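Colleague: These are the residues of each chain, in order.
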Amino acid sequence: MSAEAISPSTLQPRDVLRVGLVGLRTRRLRAVLSVLGVALGIASMVAVLGISASSRNDLLAALDKLGTNLLVVKPGQSFAGAGTVTLPDTANAMVGHAKDVTAASTLEDLGDLTVRRNDHVDKAVTNALTVGAARSTLATTVGATLRDGAFLSPATSRYPAVVLGATAADRLGIDRVGSGVQVWIGDRWYTVVGILNPVTLAPELDSYALVGLAYAENELGADDSPSYMYVRADPGNVDQVSSILGPTANPEHPEEVDVSRPSDALEARAKTKTAFTSLFLGLGAVALFVGGVGIANVMVISVLERRSEIGLRRALGATRRHIAVQFLTESVLLGAMGGAAGALIGVLVTAGYDANRGWALTMPAYAVAGALACAVVIGALAGAYPALRGARVSPTTALRAA
Amino acid sequence: MSAVVELLGVRRSYPGGVEALRGVDLTIGAGELAAIVGPSGSGKSTLLHIVGTLERPSEGTVAIAGHETSRLGDGQLAGLRARTIGFVFQQFFLLPGSTALENVANGLLYTGAPAHERVRRAREALEQVGLGHRLGHRANQLSGGECQRVAIARAIVGRPALVLADEPTGNLDTRTGGEIVGLLRALNAAGTTVLVITHDRAVADTLNRQISIRDGLVESDVAA
Numbered sequence: 001m002s003a004e005a006i007s008p009s010t011l012q013p014r015d016v017l018r019v020g021l022v023g024l025r026t027r028r029l030r031a032v033l034s035v036l037g038v039a040l041g042i043a044s045m046v047a048v049l050g051i052s053a054s055s056r057n058d059l060l061a062a063l064d065k066l067g068t069n070l071l072v073v074k075p076g077q078s079f080a081g082a083g084t085v086t087l088p089d090t091a092n093a094m095v096g097h098a099k100d101v102t103a104a105s106t107l108e109d110l111g112d113l114t115v116r117r118n119d120h121v122d123k124a125v126t127n128a129l130t131v132g133a134a135r136s137t138l139a140t141t142v143g144a145t146l147r148d149g150a151f152l153s154p155a156t157s158r159y160p161a162v163v164l165g166a167t168a169a170d171r172l173g174i175d176r177v178g179s180g181v182q183v184w185i186g187d188r189w190y191t192v193v194g195i196l197n198p199v200t201l202a203p204e205l206d207s208y209a210l211v212g213l214a215y216a217e218n219e220l221g222a223d224d225s226p227s228y229m230y231v232r233a234d235p236g237n238v239d240q241v242s243s244i245l246g247p248t249a250n251p252e253h254p255e256e257v258d259v260s261r262p263s264d265a266l267e268a269r270a271k272t273k274t275a276f277t278s279l280f281l282g283l284g285a286v287a288l289f290v291g292g293v294g295i296a297n298v299m300v301i302s303v304l305e306r307r308s309e310i311g312l313r314r315a316l317g318a319t320r321r322h323i324a325v326q327f328l329t330e331s332v333l334l335g336a337m338g339g340a341a342g343a344l345i346g347v348l349v350t351a352g353y354d355a356n357r358g359w360a361l362t363m364p365a366y367a368v369a370g371a372l373a374c375a376v377v378i379g380a381l382a383g384a385y386p387a388l389r390g391a392r393v394s395p396t397t398a399l400r401a402a
Numbered sequence: 001m002s003a004v005v006e007l008l009g010v011r012r013s014y015p016g017g018v019e020a021l022r023g024v025d026l027t028i029g030a031g032e033l034a035a036i037v038g039p040s041g042s043g044k045s046t047l048l049h050i051v052g053t054l055e056r057p058s059e060g061t062v063a064i065a066g067h068e069t070s071r072l073g074d075g076q077l078a079g080l081r082a083r084t085i086g087f088v089f090q091q092f093f094l095l096p097g098s099t100a101l102e103n104v105a106n107g108l109l110y111t112g113a114p115a116h117e118r119v120r121r122a123r124e125a126l127e128q129v130g131l132g133h134r135l136g137h138r139a140n141q142l143s144g145g146e147c148q149r150v151a152i153a154r155a156i157v158g159r160p161a162l163v164l165a166d167e168p169t170g171n172l173d174t175r176t177g178g179e180i181v182g183l184l185r186a187l188n189a190a191g192t193t194v195l196v197i198t199h200d201r202a203v204a205d206t207l208n209r210q211i212s213i214r215d216g217l218v219e220s221d222v223a224a
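Sequence order for the protein chains is A and B.
Okay, so the first sequence: first residue is 1 according to the numbering used here, each after it adds one.
Okay, so the second sequence: first residue is 1 according to the numbering used here, each after it adds one.
For the record, the hints were derived by calculation from the structure and aren't laboratory data.
Keep in mind it's a predicted model, so treat the numbers as computed, not measured.
Treat the hints with care, as some may be off.
Unchecked claim - Partial pick of chain B residues on the chain A-facing surface, computed with a CB cut under 10 Å:
1. Thr46
2. Thr84
3. Gly97
4. Glu102
5. Gly107
6. Arg175
In this text, a Cβ means the ideal position worked out from N, Cα and C, and glycines have one as well.
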């Protein structure tokens, strides 16, 4: 018996892909349906990551425009622990002349006053709004813009005129300024001369009704002991300015002064994941898992249905390994298709949402790459068991069964 | 004349005590055209699977084209099937969504031949079985006779030493079945060893040698 060595059967790598596609090509609808779950999961994850990245970018861009050199000075806790602490009336002048301070302004709470739509509304109804006395430099110092009208000027500061924060205007139902537009503060009418847009760096202003300091001192008993001080520092020396603000604003009790930099907090908030993001990422992960189970299910059915094909391929020279590789490839291709479709949908959703919000489209590359990798891994995991089952099918029973 | 198939004392039993083959000695020489004939349950399908190396015997030795199969691993047995043995089945087993040409080219898939060569040889094989005009038709668009021709083309595309045909006419009418037998004859005339498994005496009698199987044993072996 002459027996030259037999070369084992071989499947070219390029043919592995071809063979893996056969099942998908001939069962297209099923392939599309089985891929839906993974596509949805990937789409929601990509969209969530894209949208949160876009929103973060937008906030950071806005911060850049507003400047990160704004410092807020607030009276802190007194060691005595009793009573409301305020800053002394010298604070604005002292801070305004300090080195590297480019602008300073103040806001003083007028605690016992409430702002109301008219005099029929009960005095106790505050709408969670506060009346405050503002310097006319306040708007430019914090970078506030006006939705309508103008901010308090040195002239209007002397009269019963009021500027409403964005929230305050909404709660009072006022959307424009004009000669007849008035609100009731204390015991008389004030003309609304301006409405602010939401103030990013000083959001507390949104729920204020601001009257001029001069008028407040004359008529309302204000004494220029600020509740808030807003300070713009030279951008290169913000830290130095921050460290001297306590002693400068309140030389007698520097320890009773709180200095904060709101842009820091905003930046930190922009960078942390919100509960919303985590929730949707979680939902995406669940959809992805279910999608993986869907693929596994379809692959198991496919192996059962294609027993005669398995038998035939074994007769044509396929090894068990070739059969396993074929079904594994098919499953990975399903996962990859789902991943690609999902990533595309996710990018489109992000683009649509961003366009709607007026944000610049920001899609982190890691989100798309990670999603695709995730989908491929899920395809591989889902296909592993069906592939092993396919490989274990005995060719003779597979051929007899048909 | 060297032997293409050589079985010595082949037994095959299954769990549960069923003995499908009970000691078969059989030699098929190169260039033969033989029929294995027997009623259902006689063990002829098991014999086909053992000759086709899809199944190993419980006892005895099997040599195909000089290779003793007990010495070969899964990969080498698969290599033997890919290059040395061609199968033709009663149910054709064509991939329904693929064209005739693709189905035939699949016969070379596991030999590692490059795609363009597989297609070229598949076209030649289809022309050889008289289906040169049906290359692009899908399997589900072909008649039964045409399907079996495609299956035969797939079996011979790798120029195997041995073609095993399992009830090749079983799903066909008499006339078409006759054509298929004619095709196998022509194939044999060109030098291929052909072994036909059938329960149909009439089909078996048209071939050169009839090996009758009954209850797992060779009952008679008649060469014309």
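Colleague: Determine for every hint whether it applies to the structure shown.
Modeller: Consistency of the hints with the structure:
no., hint, in the structure
1, Thr46, "8 Å, holds"
2, Thr84, "8 Å, holds"
3, Gly97, "3 Å, holds"
4, Glu102, "9 Å, holds"
5, Gly107, "6 Å, holds"
6, Arg175, "25 Å, violated"
Against the hints set out earlier in the document, a violation occurs for number 6 only.
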